[in-house]
Amino acid sequence: GMSTVEYAIGTIAAAAFAAVLYKVVTGDMIVGALNDLVQRALSVKF
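In the numbering used here, the protein residues as written are 1 to 46.
These aren't lab readings, by the way, just hints derived from the structure by calculation. Positions of the beta carbon are idealized from the N, C-alpha and C atoms, including for glycine. Please note: incorrect hints may appear among the correct ones.
[Said to hold, decoys possible] Estimated spans, in silico, between C-beta atoms of each pair: (1) Leu34 - Thr4: 39 to 45 Å; (2) Ala8 - Lys45: 52 to 58 Å; (3) Ala41 - Thr4: 45 to 51 Å.
Start from the sequences, fold in the hints, and give me the full structure.
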């Protein structure tokens, strides 16, 4: 099992990773790319 210090470091690292991931996903570039992708997907003639 993990000691208290290891647990704290792991929790902080996970929280930091989640925060970075959130920033990346909600960034303007990603939003624009997703919008572009959706627009292209919807404009494809099946």
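ask   = Is the distance from the Cβ of Ala8 to the Cβ of Lys45 consistent with 52 to 58 Å?
value = Holds, since Ala8 and Lys45 (Cβ atoms, about 55 Å apart) stay within the stated range.
Notebook entry, point to check: Would you say the C-beta atoms of Ala41 and Thr4 sit inside 45 to 51 Å of each other?
Noted result: Holds, since Ala41 and Thr4 (Cβ atoms, about 48 Å apart) stay within the stated range.
- request: Mind checking the hinted window 39 to 45 Å against the Cβ distance between Leu34 and Thr4?
  value: holds, 40 Å
The structure agrees with every numbered hint stated previously.
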